[in-house]
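Protein chains: 2
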Amino acid sequence: MAVSVREVAQRAGVSVGTVSNVLNRPEQVKAATVERVREAIAELGYVPNAAARQLRAGQSTTLALVVLDVSNPFFTDVARGAEARAEEAGLTVTLANSDESSDRERKHLEQFETQRVAGVLLVPTADAGDAVARMREHGIPVVLVDRGTPDATVASVAVDDVAGGRMAAAHLLESGRRRLAFVGGPRGIHQVADRFEGAAQAVEAVDGASLTRVETDALTLEEGMRVGAAVLKMVRAGEVDAVFAANDLLAIGVQQALLSGADPVAIPCDVALVGYDDISFAAAAVVPISSVRQPRRQIGSTAVDLLLAERDKADGAAREHVLFQPELVVRASTRTP
Amino acid sequence: MAVSVREVAQRAGVSVGTVSNVLNRPEQVKAATVERVREAIAELGYVPNAAARQLRAGQSTTLALVVLDVSNPFFTDVARGAEARAEEAGLTVTLANSDESSDRERKHLEQFETQRVAGVLLVPTADAGDAVARMREHGIPVVLVDRGTPDATVASVAVDDVAGGRMAAAHLLESGRRRLAFVGGPRGIHQVADRFEGAAQAVEAVDGASLTRVETDALTLEEGMRVGAAVLKMVRAGEVDAVFAANDLLAIGVQQALLSGADPVAIPCDVALVGYDDISFAAAAVVPISSVRQPRRQIGSTAVDLLLAERDKADGAAREHVLFQPELVVRASTRTP
DNA sequence: GCGTAACCGTGAATCGTTTCATCATTGTCG
DNA sequence: CGACAATGATGAAACGATTCACGGTTACGC
Chain P
1 MAVSVREVAQ RAGVSVGTVS NVLNRPEQVK AATVERVREA IAELGYVPNA
51 AARQLRAGQS TTLALVVLDV SNPFFTDVAR GAEARAEEAG LTVTLANSDE
101 SSDRERKHLE QFETQRVAGV LLVPTADAGD AVARMREHGI PVVLVDRGTP
151 DATVASVAVD DVAGGRMAAA HLLESGRRRL AFVGGPRGIH QVADRFEGAA
201 QAVEAVDGAS LTRVETDALT LEEGMRVGAA VLKMVRAGEV DAVFAANDLL
251 AIGVQQALLS GADPVAIPCD VALVGYDDIS FAAAAVVPIS SVRQPRRQIG
301 STAVDLLLAE RDKADGAARE HVLFQPELVV RASTRTP
Chain B
1 MAVSVREVAQ RAGVSVGTVS NVLNRPEQVK AATVERVREA IAELGYVPNA
51 AARQLRAGQS TTLALVVLDV SNPFFTDVAR GAEARAEEAG LTVTLANSDE
101 SSDRERKHLE QFETQRVAGV LLVPTADAGD AVARMREHGI PVVLVDRGTP
151 DATVASVAVD DVAGGRMAAA HLLESGRRRL AFVGGPRGIH QVADRFEGAA
201 QAVEAVDGAS LTRVETDALT LEEGMRVGAA VLKMVRAGEV DAVFAANDLL
251 AIGVQQALLS GADPVAIPCD VALVGYDDIS FAAAAVVPIS SVRQPRRQIG
301 STAVDLLLAE RDKADGAARE HVLFQPELVV RASTRTP
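As you go down the protein sequences, you meet chains P and B in turn.
The numbering of the first sequence is my numbering, which starts it at 1 and goes up by one.
The numbering of the second sequence is my numbering, which starts it at 1 and goes up by one.
Do not take every clue at face value.
Below, computed lysine to aspartate or glutamate pairings styled on DMTMM-like, alpha-carbon distance capped at 20 angstroms [said to hold, decoys possible]:
hint : chain 1 : residue 1 : chain 2 : residue 2
1    : B       : K107      : P       : E88
2    : P       : K107      : B       : E87
3    : B       : K107      : B       : E87
4    : P       : K233      : P       : D263
What the hints contain is simulated information worked out from the structure, not anything from laboratory work.
Let the sequences and hints guide you as you build the complete structure.
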């Protein structure tokens, strides 16, 4: 069934070693021989067996990227950045989805460990510590993505979410808003916690400004629409004049809830709205949503860079921590009327 | 560095064969021995080497799913359905993205072939024929997804896109519209062609109804917004009173273009709008968009089922072709005022 | 014509796991 | 007590590619 080097060698009248050489260092083989072997390969439809190759090599040329949610455009963009950079280095990226469950995350990591992947790019769930330590012990390089740790033993690339939160809130405060609401959750997710923290800092610095917290169960469009109803009431009651959502999916959901009722409130007149991530849907919303932009593809490509650096690093050596600064993109949803 | 069965065997004072038996058929090994081996495994932190295992087994327990666009929620949902079903069968799914390029598609397929994957679920690009034939020749089962072929040699699971297109257009016609526009492209994509075909059939059946075609370069939000400007002019000019978009991303983009100008037209009063796929963003749009729903997860799970069936099928045996019927979900964007 | 170096090819060993024929041990029964 | 099963454990072969020390040719200069 399967064609192996042996058959190719026989057909071309050379040894298996030579076939391997043709495949891997053709410059060391006489042109005529290369030709003959190539022909045999084509005639037999030979396809190298990656498992055998990898067994010999000791590790694969695959990188794993584990994200919290494949449906979130933010992560697919990070993945694209990683893929592009990995391809340049001759590596392949496989994408896995933890769905924010540390259980699924652990399963994927174990799976990847058996595959002896060249490294793991991990957007960690709340309690990924043990799993990461284990990887490291077994000699698999790990880079944490979208999570800045002060931990010197693991490299990381992230965006300063506290700064991002501060930025978003400050922007709302500067345009005269005082009664802010933060929409996001669950609290366990550090991105959410950091963005809230930043917003809180900005609010504290301004006299008479307040920050109400509206909790969600997930960072999805649906959750945004659900809590949007509550936000709508608060706006009507005059308790809130600006909303900062922990990500764009939530922001879009909240906007729908605010606009789609029989008697909608006006954005930005009655209430301003800021999101986070700057996914393409944000710019395309009815009232285009101001958002905090993260260099998504760059996050992915940098993560791969760190991973490559990791490979030739002594065990005790300090790890690099790259922290990108986010950028506020102002759109109609916060433009002062 | 790497711990192998050999070391585990030595530590536990048994042979390598026994370690393997503990791993794969523990019921054939005395309880006390199992215990001892398990301890050794834990102490040494042994992790089986998937490459070696696979080399021996001859093929992997991984399924490949190649989609046209990972960022499209439709495909991520199909993927989830496939993953769930595959997990039940003890298989893993890896996701790859062709970005509608048959070149990237080919590369991925070659890659998967070297990996000797257990099978490939393929959402094919326009000219995937050769690549598929090649896979089949090499004994790798293939199931085409989202593409109904009359081809008896390849199994497929798809949704009746012609019926879906007919359904969408008929719905618009029934609610009194006569000047329809079809937004979609490029023509090469068969889903687009089929949906248009269905719409054309419905329009032909009604006296005085017309169908204008508005071409796009891709099925994305951005393209929708771009051509939306043209659609807006046509609506203003009274040339169009209903739009059928080839997918929801386009529909959402078109809606933004129609609503966000200084002097927006009214949906559904001035123009009705139908999309395709029923992604969650469709229901969450400002004016919730009517859409043709496909059983996404079921498509994925059925594809896996067909693949499993494929494995124990004679080469000449006929392949199954599952064709799901889509379902129209009516929302505000087409409700008669 | 000979020595040498450069160039090509060879083939056996190796990677880690599974499988399977075979051996060893224990227990059972007549 | 001996024959026979049943049960556990063994160890060598095999999977397919790569590597590397080594052997055979060729070409060249003297």
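### Task
Taking the numbered hints from earlier one at a time, note which ones the structure violates and give those numbers from smallest to largest.
Going through the list in order, the structure violates hint 3 alone and respects the others.
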